[in-house]
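Colleague: Sequence:
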Amino acid sequence: MTERPDGLREAVAGIWCAMLGVDHVSPEDDFFEAGGDSGLAVETAISLRALTGTDLDLDLVYQHPEFGGLLSFLTDPRPAGEERPLTPAEERLWFAERLHPGSPTYHIAALYRVPGRVDVPRLRTALDALVARHDALRRGFEAPGRAVTSAAATVECRWLDAFGLPETTVRELIDEHARRPFDLANPPLLRALAVDRGDEDDLLLLTVHHLVCDGASLAVLEDDLGRLYSGAEVGPRADAVAGTSSRLFDQDESRAYWRRTLAGAPRGIALPHDLPRTASPGSAGAVHALACPEDLLAGMADLAAGERLSPFMTWIVAYVAGLVSLTGERDVVIGIAASSRTPEQRGEIGMFVDPVPLRLLLPDGTTTRDLARQVRRATAEALAHRGVPFQTVVEDLGPGGDPARAPLVQAGLTYLDAAGTALRLDGLVAHRELLPTGTAKYELLWSVTRGPDGTTTEFEYLTGLFSAEKAVDVHTGLVDAARAAFARPDAPLSLPGRPPTAATSHTDPDRAATGGLRPIPELVRLRAAQRPDAPAVRHRGVELTYRQLDERAVAIATGLRAAGLRRGGVVAVPLPRGIDSVCAYLGIFYAGCAYLPLDPDQPPDRVRTALLGVADAVLVTGSHPSLPPELRVLDLEDLLRARRADPAVPVRVVGEDPAYLISTSGSTGRPKTVVVPHRGISRLVPDAEGIVYHSDDRVAHLCNPAFDASILELWGALGSGAVLVVGDKEDALSPARLRAFLDEERVTVLGLPTALLHTVIDFAPDAMSGVRLLIFGGEKADEQRLTRLMAHQPPARVVNVYGPTENTTVSTLQRVTPADLDPGPLSIGRAVSGSTAYALGLHGEPVAAGVEGELYVGGEGLALGYHGNPALTAASFVPDPFGPAGGRLYRTGDRVRPTADGTFHFVGRTDDQVKVRGFRVELGEIELALRSLPGVTDAVVFARATADSTELLACVTGGADLADAAGIGEALRTRLPGYMVPAVVVTDRLPLNANGKVDRAALLASLPEDLPSPHGETGPPPEDDPLAEAVTALWCESLGTADARPDDSFVALGGHSIKALKLLARVDESFGVEVDLADFLAEPTLRALVTAVARDTENAPTG
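Numbering (my numbering), first residue to last: 565 to 1667.
Among the hints, a few may not be true.
What the hints assert, rightly or not - Here are the computed lysine to any residue pairs in the SDA-like style, where the Cα-Cα straight-line distance is at most 20 Å:
| # | residue 1 | residue 2 |
| --- | --- | --- |
| 1 | 1561 | 1301 |
| 2 | 1561 | 1343 |
| 3 | 1561 | 1492 |
If you are wondering where the hints come from, they were derived from the structure by calculation, not from laboratory data.
Start from the sequences and build out the full structure, keeping to the hints where you can.
Modeller: Next up, the structure:
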């Protein structure tokens, strides 16, 4: 330490004592232990600035709290080349660079159109002087996260002769220069390109890295560069370490504030993107710009004046109002840029900004004015606590969120008042144009700039999520929503408007009123009168005409009436598929009753449970000793033999009369019995918009009658005058039997559950070549299989249908063509005639196109409710806020993503999400990934709870080229994060239930309890593996834990991005192995890290 002048020591001691109110000071005295606080620390630093005549950091006392250390610093200034840790803001950007090396995401590229000639030698001299003036521009950044300031650095300044070059070529060269990567370790992180265009104005491009410059610094850079270029005197400046003012805040209190404010906040916002979200949407981006409408600016100015809002706060109001309208979100978290720059640092260049999350809670009825007041309060509070680095805020919240998305904040807002800024080069005034870098910092960033020619808004977006057309729609919608919000500041904020009627509803309100829906019994009697001798139903070579079918049904109805059954009664039919069951169903209709089809192969207890309290009678053939004795049992043969001389006239039913009941599984273990009215069936016949039956059709009846898909087979055929061809159970479960049945019966219309269709395509893809109309549904379809079907003499029309039992079999449909299969997943189509379908948010508001919501369906197909369960009916069938008074909608529990034309894409179940090691996992996403693997024909994934975690299990079927379980797991690991890779069991076939769907319960019950881990054994590293032990020690040190398991997730255990960098730096120090950060975060498990280190090191450490 050099000899310090006594005068300096006495002066510093005098300031110290005066601030703390003490009489003397010793070298070891601590400023804060002696009673100092943040305010006194700042005042002391300001006094020391005045004493020394240098621009000292305001948190100088925090850096050197002991008097001796403070005095040493003042006498020994920091030399150039000294290292220092990165500030939190610098650390965040440095991490982003490590994650995407060479990306121009954080380049600031400012283009100036200079009205004259740029003197390139003068420019070079001025740039070098600028770098000498500002330490930040001489700063480099080296691993593991250190900043080094050089004594000198020379700016790269290039000259381009562009005379005669096309404008597009010049722009390409400029973009290439702007996006060229910086070497962060070699300053200056600033370069220039002067473009000589002959007779036209010169262009000047300045590209600087965000690590050393922020928006406010760019104005400082322009001012200083202009002065230096013009030869004006500019005095020296000391370094200002960006971000150091964070220590001037009470960290404990501020961290507590953020924990309180963000408790329970959503970790992601439902942005209306139109492209499917992948595991890694990347950082490629684009920008769409709009001039701000004058009426919006006027409305904003009025509200700002009345509510005392700054321009930035007013734009926050506009942004949030737009997001509410686009997404329907009521709990919104956006990111704003907050500066740590102090008044004394106004003339410094550096990185002084860090994101600050801003949470706005918007209950029903919130007006624009309410939002403005909340924004004013929340912004003031957030900025008062901005001293906590964003990464610390995220870390304090704990694990959570989607690892494929940025933590907490995916939508950002920036505001820049650049009206008075310009680069002045010796009298030449050039205004700034910020160039896009082809990347995006957020999923959606709204940048507002007030410039000399007005205010513009720029919508920067990830091109992996938004198409260019969708980005224009969203940006325009955002601005329009803001205009509406400010036009009526005292009206409730606009939620997403009701989608166009044509996109969601195809109900003709006059149909029911005018009698346009004819009940099925009337339609069948009409067909019998029109074509009495035409075949109606056949089974195993036995055939009934429409006259015979009608006569038998009348006989059955007469017997039911004679037995005391009246209109609205329920008759159970536990009969197998056949002519008898078809006659029974129609006879029950003629009696004015509803039928309850039951699978005769079900266990007796299940049959009894479905009957008790529901059925008034049971119609059987033969003896059924398992039926409850208290039920009235009627024999079908007896009813047909009676053939009374005075047959009953069929009861005339109306649309609201119950037609049939279907029992579905219930979460309580007891079945739910859905009551469906006649109007539900009638709306599907004879034309369900794509499902058209002709009188010469031969319609296969292969569905279990207890499955609601049988409704379309039965009454679609008989209501249209077609032939209903009944198949046996075995015909539907064997591809070979199905092929023979279709050929022998010359079937033209076929309906299959999706799982069964997949099987048929796998083993007999040409079996359906004679089919005119193929209808499938019930589960998500595999596009690869459908593509194979289209290549093998496909049916003339293929239709994918979707619909819960509660809305009569079909709610939406999509006609499938080869074009629908490429690219992207198959949709479930649009609402059919007589139905409505909406994707709604948590508060019942329609979500915007591209935003996930729960599917609600309604219209003429809606069921009456659940038999004997009014509470469940009220919970599941809710009022329709979009239709006529008294209308209802059914909550399907299915999550969909609508498109602008009203088409819906199925996403998954609302209850199909599970948590695995802290991550939210969609089981359907894993199934799709498995089905995309070579050799895999089908896959089902389960989540099974264990004592301390949730494990994923997959059952996979395939052909001869299918890999073994280990190979499937390895292949899946290339497509999904490690935590989503399940244990795999390869099986010959997936069991199907009576309805032709995968029997998940039976499959899960058949799995062994001790399935191998998809990653091998779990537990501590082997004692004889010193490398694994050493890596585990570093892992535990980084996370602050005492032990670790190989499949633990670094992210799920709270290891954020900066901790990951530090861990990998320690790995590099210990083993000389550089593990790629992106690779580590793609599979952030201890096992993967050990494997990576072992692969690249020859000798494991021994201690």
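Colleague: Please go over all the hints and tell whether each is borne out by the structure.
Modeller: Against the structure, the hints:
1. 1561 to 1301: holds (18 Å)
2. 1561 to 1343: Holds. Residue 1561 to residue 1343 sits at ~8 Å (cutoff 20 Å).
3. 1561 to 1492: The hint holds at about 17 Å.
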